[in-house]
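Student: Add chain B to chain A, keeping to what the hints say.
Line by line, the protein sequences are chains A and B.
Using my numbering, the final residue of the first sequence is 310, and nothing's skipped along the way.
Using my numbering, the final residue of the second sequence is 488, and nothing's skipped along the way.
Any given hint might turn out to be false.
[Stated by the list, open to error] Stretches of chain A that chain B covers, calculated by requiring three or more beta carbons in the stretch to come under 8 Å of a beta carbon on chain B:
1) 10-22
2) 177-189
[To be verified] Derived EDC-like pairs (lysine to aspartate or glutamate); straight-line CA-CA distance at most 16 Å:
3) A:180 <-> A:283
4) A:2 <-> B:192
5) A:222 <-> A:88
6) A:48 <-> A:95
7) A:240 <-> A:283
8) A:185 <-> B:421
Since the hints were made in silico from the structure, they are not lab data.
We put the CB at the ideal spot given by N, CA and C, even for glycine.
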Amino acid sequence: MKQFLTTIAKFGVLLLIMCAIIEVALLFRPNIYAYKSQYMEEHYKEIKVLLLGSSHIEEAVKPQLVGEGTFNLAISARLRRFDVALAEMYVPKMDSLKALVMPVDYTNFFFERQYENPNTKSVAEDLSGTCRCMHMKYMGVRVDPLWYWPEILNSKLNFMQRFWNGRETLQECDSLGYVKLDIQKRPADWDMRAIPALIDSTKVIDQEQYDKAFNQFERVAKVTYEKGVRLVLVAPPVYKTYQQYINPVVLNDIHMFVAKLQAKYPNVEYHESLFAEGFEACDFQDASHLNDAGAEKYSRMLADIIYPHL
Amino acid sequence: MVVNSFSFLLFFIVVFIGYYLPVCKNHPRYQNIWLLLASYFFYAYADLRMIPLLLGSTVVFWLLGLWLHREMEKGHMEKASRITTLAVVLGIGVLLYFKYLNFFAESFASLLQSVGFHVSWSTLHIILPIGVSFFTFKLISYVIEIHREHITPSRDLTEFAAYIAFFPTILSGPIDRPNKFLPQMQSVHTLDYRLAADGCRQILWGMFTKMCIADNLAVITNQAWGGYDTLPSTMLVAAALLYPIQLYADFDGYSNMAIGVGKILGFQVTRNFNRPFLARNMAEFWRRWHISLTGWITDYVYMPLNIAFRNIGQWGIILAAIINLILIGLWHGANWTFGLFGLYHGLLFIPLVLSGTIGKNKKLKANDHGLPFLKDFRKMVATYLLVCLGLVVFRADNIGQAFGFLWAMVTNGVDGASIIDRYGILYILFGLLLLTIDWIQRQKEHALQLETFPMLRNQYLRFGLYLFIILMIITFTGKSQAFIYFQF
Chain A
1 MKQFLTTIAK FGVLLLIMCA IIEVALLFRP NIYAYKSQYM EEHYKEIKVL LLGSSHIEEA
61 VKPQLVGEGT FNLAISARLR RFDVALAEMY VPKMDSLKAL VMPVDYTNFF FERQYENPNT
121 KSVAEDLSGT CRCMHMKYMG VRVDPLWYWP EILNSKLNFM QRFWNGRETL QECDSLGYVK
181 LDIQKRPADW DMRAIPALID STKVIDQEQY DKAFNQFERV AKVTYEKGVR LVLVAPPVYK
241 TYQQYINPVV LNDIHMFVAK LQAKYPNVEY HESLFAEGFE ACDFQDASHL NDAGAEKYSR
301 MLADIIYPHL
Chain B
1 MVVNSFSFLL FFIVVFIGYY LPVCKNHPRY QNIWLLLASY FFYAYADLRM IPLLLGSTVV
61 FWLLGLWLHR EMEKGHMEKA SRITTLAVVL GIGVLLYFKY LNFFAESFAS LLQSVGFHVS
121 WSTLHIILPI GVSFFTFKLI SYVIEIHREH ITPSRDLTEF AAYIAFFPTI LSGPIDRPNK
181 FLPQMQSVHT LDYRLAADGC RQILWGMFTK MCIADNLAVI TNQAWGGYDT LPSTMLVAAA
241 LLYPIQLYAD FDGYSNMAIG VGKILGFQVT RNFNRPFLAR NMAEFWRRWH ISLTGWITDY
301 VYMPLNIAFR NIGQWGIILA AIINLILIGL WHGANWTFGL FGLYHGLLFI PLVLSGTIGK
361 NKKLKANDHG LPFLKDFRKM VATYLLVCLG LVVFRADNIG QAFGFLWAMV TNGVDGASII
421 DRYGILYILF GLLLLTIDWI QRQKEHALQL ETFPMLRNQY LRFGLYLFII LMIITFTGKS
481 QAFIYFQF
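Next up, chain A with everything else stripped away, as it sits in the complex (with noise of 0.2 Å):
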């Protein structure tokens, strides 16, 4: 036994030194969240238009369209309560900053309500951990102050394939933080991926996640409203597959949620473009990613929806 301990002991060691020098490593590679952190550091007193929000924002807006001093700081998983405490960091102090946009999710919004779906759960927690990894590490969000969160126990981040990556694939994202997804990658079956989870819209809502849900959303409203800042609210198009799948019961008290907040606070807005016409096959990366020629259009929209009233 004491020679089985020794070994292993022994061998850990050099496995923690090895894992230690790959996680120090990795603090000089670049990758999307350094960069947009960055970027809001050296830019945020310029910022007019500030984005939040996960994929179906980061993939779907290109600041560029949407007019002068935008730029998209959503990041691909990203949960809300990450959003929540990026708005609370930066809000306060961007003296341009007119509008300030952030999804309101159908897929993500009642997940209590959700079938119960062992792949989603497992989903779930592995981005909890790559975010709170990520946003700790290269955003300056603390949500564990006293624990660190190493990448390497991180799977989906790939982290080891960054030493070989070249700059430009590492950082994913433009200038402005948008992430262009080329249509010649769309899978075969592309229309049933990223379809919502079955909502059971029978089942009563859990009042502890409501509030939670709603003290986050409130937080960021609380920030915007003290700053003069419009928060606007905004579902971006999705394709029919994805739409047949959208509850209206779910739908309704989503919009009761919205309007809930919007009579405590009149900054915010709430554009919904889940059914959207004009956005064909051609402009979906899945069912409900635009990839480059729909996120131009749905650029171009949200443009009209902003820019009239900077």
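Tutor: Structure of chain B alone, referenced to chain A:
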């Protein structure tokens, strides 16, 4: 909680500490109790709802074993046979109910509809208990082995329940036979350094094949089977050639991890694979592939059938082989694709039986360059291609998709989108590396038994190699895919 997860590591550390605590380590009974608790916790973590089924069937078969033995001691052989039959029917009944009831009901209904009878019945919502095919086979073999007087029944329910629910193997095998495993449960386990260290190496190799090869190749094969109607033939042929490697890397990876965990706890778990792609014909392939299942069905189905059909000579052997392989196919689940997969393999036995080569299995030898002889190599390639063809049917969701895929393989042309990018090529090279290592290490139980390499006698050089493998795992680990054999 899969074996290659962080949560399993934490679970196993707790099990390890408890198992080798001074209070336990001199008492097999305490070790078995601890093992039983750990195994039930592990199973409950996978599916809490099925604990009553596992516990209930364990108790029933344990009692049947005692009853059978008592009747045999009294010389009531007819009654003993009836008890054995009852146990087999019970075991098969559990499998039929949980795995096949809906399948047969639906098939029967569609058969009736095809001849003009319109039936409308709703199928039951039966949850498939995870690992049911594995632990039920253990239960059945326990009673049969008592009846054959190869073992005496276990007097200790804890020991028997720990054997049935043994956590490294309950979800996906290997299917350990009671005559080999129960005696191990009766002895005290002190940590054997060589066995435990070998177990660690085997786990590492299993993780590499599962996470670096199987999970990455799955991305290619999933795309191929998902979009076979639009993809070019070249991609479909490539996917069909890669799928056997993916399946092997996945299941052998899991088996290696299970066997490795068993070794750390002092158990010799049954080997499940023995370099299947070095097989030179189908009979040899089945002696090397999923050995614990093939061995089980051969002992309890093929051999009795062979005896029953001995009056019809060679055709009796052929018939027994076909039935045997159809059963192996259907064991994987309630789908006609599995039945067809078994039938296909059974038919491939006909030339082997007629030519008298079914039982011959010359030892593989290398030529002066350390490579296989050309004659052997040609046979290995031919066997591999036959396996690929069968696994196209195995992988398909239904018969229509299987034939659609096969048809598309020859008619879709060569132009179209590629599903293999530069990383895909790398993963294919990993697959080929696996086959090469299989050849080099063909005499060993697993790839990391390196004692014959003089340069690796130094411990720190070996550590360097293991760290390199871990680096490869964390570098190239694919999107986590469920173990394929969990569904069976």
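Student: Hints first: check each against the structure and report whether it holds.
Tutor: Hint by hint, here is what the structure shows:
| no. | hint | in the structure |
| --- | --- | --- |
| 1 | 10-22 | holds (count 6) |
| 2 | 177-189 | holds (count 3) |
| 3 | A:180 <-> A:283 | holds, 12 Å |
| 4 | A:2 <-> B:192 | holds, 11 Å |
| 5 | A:222 <-> A:88 | holds, 9 Å |
| 6 | A:48 <-> A:95 | holds, 9 Å |
| 7 | A:240 <-> A:283 | holds, 12 Å |
| 8 | A:185 <-> B:421 | holds, 11 Å |
In summary, this structure violates none of the numbered hints.
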